[in-house]
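Participant: The residues making up each chain are set out below.
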Amino acid sequence: MELAWPDPKDTTVLGKRILRLDGPDKTTGRAKYTYDTNRPRMLWAKYATCPHGHARVKSVDVDAAQKMAGVVAIEVLAPAGSDLNVAFSEVAIVAAESEEVAREAVRRIQVEYEVLPHNVVDDDPQLAGASAKPGKANVTGDPDAAFKEAAAVSETEVGCSIITHCCMESHGSAVEVAADGKSLTAWCSTQAISGKNGRFANEAEIGDASNAVAICQHMGGGFGSKFDIDAWGAWAAKLSARTKRPVKVMLERDMEIALAGSRPSAFARMRVGCKEDGTVTAWESEAWGSGGNGGGLGVNQLPYVFGNVPNKRTRTTPITTNTGEQRAWRAPSHPQMALLTMAAMSDCAAELGMDELDFFKKNLGYTQRAKVYEEELNLAADLIDWKKKWVPRGDQADVVRHGLGLSIHTWGGGGHDSNVQCTIHPDGAVEIACGTQDLGVGTRTALAIVAAETLGLPLEKIKVSIGDSRLPPSGGSGGSTTIGGISSASRDACVQAANALFEKVAPELGGDPKKLVAKGGKVYAADNEAKAIPWDVACRSVGAQPLVTNGKTQRSLMQQGVGGAQAAEVEVDVETGIVRVLKLVAVQDCGRIIDLLTAESQVRGALIMGVCSALYEERIMDPVTGTLLNPDMEFYKLAGIADVGELVVKMMETPEHLGRGVVGLGEPPVISPMAAISNAVANAIGARVARCPMTPDRVLAAVGKKKGA
Amino acid sequence: MNRFEFARPSSVADAVALLSEKHDETSVLAGGTDLLSLMKDFVVEPKRLVSLMAIGELRQLETKGDGLAIGATTTLDELLAAGTANGYSAKWPAVWQAAAGIRSPQLRTMGTVAGELLQRPRCWYFRRGHGLLADRDGESMAVKGDNRYHAILGNAGPAKFVHASSLAPALIACGATAEVAGPKGKRSVAVKELFRIPKAGERETTLAANEVVMSVTLPKPTPKSATYEVRPRQGLDWPLVTASVALELDGKTIKSATIVLGHVAPIPWVCDDAAKLLVGKTLDEKLAHAVGAAAVAGATPLSKNAYKVELAQVAVRRALAAATAT
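As given, the protein sequences belong to chains A and B, one line each in that order.
The first sequence begins at 1 in our numbering and counts up by one.
The second sequence begins at 1 in our numbering and counts up by one.
Warning: the hint list may mix true and false statements.
[Said to hold, decoys possible] List of simulated lysine-lysine pairs, BS3-like, C-alpha gap at most 27 Å:
{"#": "1", "chain 1": "B", "residue 1": "K40", "chain 2": "A", "residue 2": "K67"}
{"#": "2", "chain 1": "B", "residue 1": "K304", "chain 2": "A", "residue 2": "K706"}
{"#": "3", "chain 1": "A", "residue 1": "K67", "chain 2": "B", "residue 2": "K47"}
[Unchecked claim] Just so you have them, the derived chain A footprint on chain B, three or more residues with Cβ under 8 Å:
{"#": "4", "segment": "135–144"}
{"#": "5", "segment": "309–319"}
Derived from the structure by calculation, the hints contain no laboratory data.
The structure presented is a predicted model; accordingly, all values stated were derived computationally and were not measured.
Note that beta-carbon positions come from the ideal geometry of N, C-alpha and C, so glycine has one too.
Okay, chain A solo, but in the shape it has when bound (with noise of 0.2 Å):
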């Protein structure tokens, strides 16, 4: 059996769609979290947080929360002195009896501030500051020259706020040493499950990595937010170490939105200058946003896709705020970056008074893989019906407009290292096991499929491991490199499997193991398919021990880079303000397909995280405190089901596409769907909406903005 891909058109599960095979655990609650994890005895560990947006602590009180009953240890994290930058920062850790008690003690503490100026402004230079810093000047080619002998020349001013990743399981840990103290357990809702025995081990200071285990069987969400153990993980381990008990901490949603990570914020003033035909021209952008404390801002790549637009200024602007800190978010900065040339090159078409479809097309010499955008963007145009319902801007006057808009964008997305073993036992049982974790998104379901295939047997017949700090090591699941890593692996592995099996078999089949194929539960010689033996009896001549292959990742069958096109249509009230989407179209290319039905939900999920940033979810600071102000699913708002109108996705499956290998698909279907809701209200309002979320009170300024112009 050769490693490489089979041909598509003669699978049987690989491709297809395919259910996740732990969806009925996760909808009857079989399936444990972190969350769930409740051990013997166990502890709940609590945090007392800081309620200003900068402070110096002058001093922490313990006494009256040691004394309640309950209350098991204390740890003092910001003794006095202690400088803390944002809000929710940690003051102590509580361990006790139940959660309610830990609750209750953290109130007990009692900690004196010294209340210090803080900046969350991240929307203004100006306002912010010295808390901006504003970068050097990038130029290309003659700018001034070309905007001067531009035949149209746009005006955009554009952004959007800082989000969260809200995963829906907060993060955290439930750590248990063991009562010699020589041993731990630790649960851990986790992106990256290989090696983080380790760190709890030395975080509870056990000896070394082989004394503990670390495991991870679903987990609700980290969207690049969740690859370390955190100070929370890390708390859990020293706590149980010290209590000689099991300790869970999971953050309390207010700390998850504070502290768990956070998208940037990015704004951009920006000019575009193109010719009379609509080739783009000139590119001028100033920008500024903020990743919170740590500062940084990674809206440097202007224009994004559209790169190679021969003369340009572009500058940023990171403005740093009191603010919790950025990690990854899906597909970091691209979302950012995508809303900002998207919506200043759909301003550069109504300007010259150009079709957008028909402008992007015109321009996508400009990016590294014009013919698959062009490909996309027709059949994105065909789904959303571009042709029949597109619009000039400002050519409607009833109340409730009708407005479609575009986006396109790349991604990455190679393969990790992965290890994947193969066991087939000898009574035909087969076993998948790989030290990855699934994130919701179908890994398990994928390594199943990949085995399946390879070994030509039913997905039931394939017990699939993971989620195990003891299993063959396997990379985080970050930049959309899971699929490609574990499916190459699973590949290599089974399909050492199948041919170690048919070297055993081959006697009885004709003498050639070359020859032989397993399929449909049998395994027999390519050209006698009659003398087929049943895949149970077949594997009998494994011998006494199973027969175990190990897989690695196989940088053959899978490939990077990837393109996409989506279309939004909207409606908006110009009187209310308010935008609903009625359709989203996403065209994506991934390469090699594993389960059509998980990386179209793939999609989906992403469609509707994109209408959340473009409509409803922002975080808002107060500038009175330096605190959130809704740091709780009530008004840090996102989409309800009925919020995200029609969604639909094509996944390309050309020969041409499906021959590439393997490229994952986490990060790229995420990047467009604001800028492309951000066009579809542009064209139906006339004006440019200046900062998603697109909430009734900025969609109306943008409309008495026009009004007034």
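Knowing the structure of chain A, use the given hints to seat chain B on it.
Facilitator: For chain B alone, coordinates are given in the frame of chain A:
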């Protein structure tokens, strides 16, 4: 939340007797959708909860002549179901439209009619423990801070929050009264009079701490009524503004009118001057615009909520259009 006593009396008299004269020493518990959130966030820490859910007489709908008495602990789902089954939603469209605007299945399943009326403000300064008036060093935090959802009317005093009830404006528009039981017996009070704009130390309700709303009575059908909500999301979301209107028509001529705005002021905001413009007239677009403008005349928006002035006018116009549509 704090530790508390839990009482589940079977009569209104027992419930009243179990309640303290002081607010927040004891709390009335119905569906718990608001109270438990407040307790979990330690915004209130009552020593005793008095549940009304074992008092059967409070959980029923009863016709009274032309009118309808709605028991205090009737859930929002029960209210909605009865509206469809018995045609109430056609007799008092404003009320049932307002109820239908509460989109969360959880709130509708557990939340009760009186609980919805008496829920505490959603003001994020209040909810984060800064007090009802969110006063800091003599200054309103809402005025200095982020007030995108705060009051545009009735905000001259220290209260800047908006009243959170969606049912109250509709009930007031339809002339509802509340039957209240207290230590001195029962009294009847216009729903409008349940609310006040608090000054320092006061609550936003006029009810004594040991009074219990037993029911709300709609006196007579007001079929020409409507509620319009401006609400960004389809699911659980607070309206930015609501307008409830109730009209009496003689042919196309408006004989009398009531307009009540929700989510714009610390109380449901009754717009008498705007309503008077309608009397004796036939509704047209020009008049609707004039009435909308009159409804927000004197609005004093804060730094970030001027858009609500615009939204309130739109809501009034759309509610009027809905009420007069046949």
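Participant: Now tell me, hint by hint, if it's right for this structure.
Facilitator: The hints, checked one at a time:
1. Straight-line distance between C-alpha atoms of B:K40 and A:K67 comes to about 22 Å, which keeps the hinted pair within the 27 Å bound.
2. The hinted pair formed by B:K304 and A:K706 meets the criterion: a straight-line CA distance of about 20 Å does not exceed 27 Å.
3. This hinted pair checks out: A:K67 and B:K47 have alpha carbons roughly 21 Å apart, not beyond 27 Å.
4. With 3 residues bearing a CB less than 8 Å from a CB of chain A, the segment 135–144 of chain B meets the requirement of three and the coverage assertion stands.
5. Judged by the Cβ-Cβ criterion of 8 Å, the segment 309–319 of chain B is covered by chain A as claimed, because 3 of its residues qualify and three suffice.
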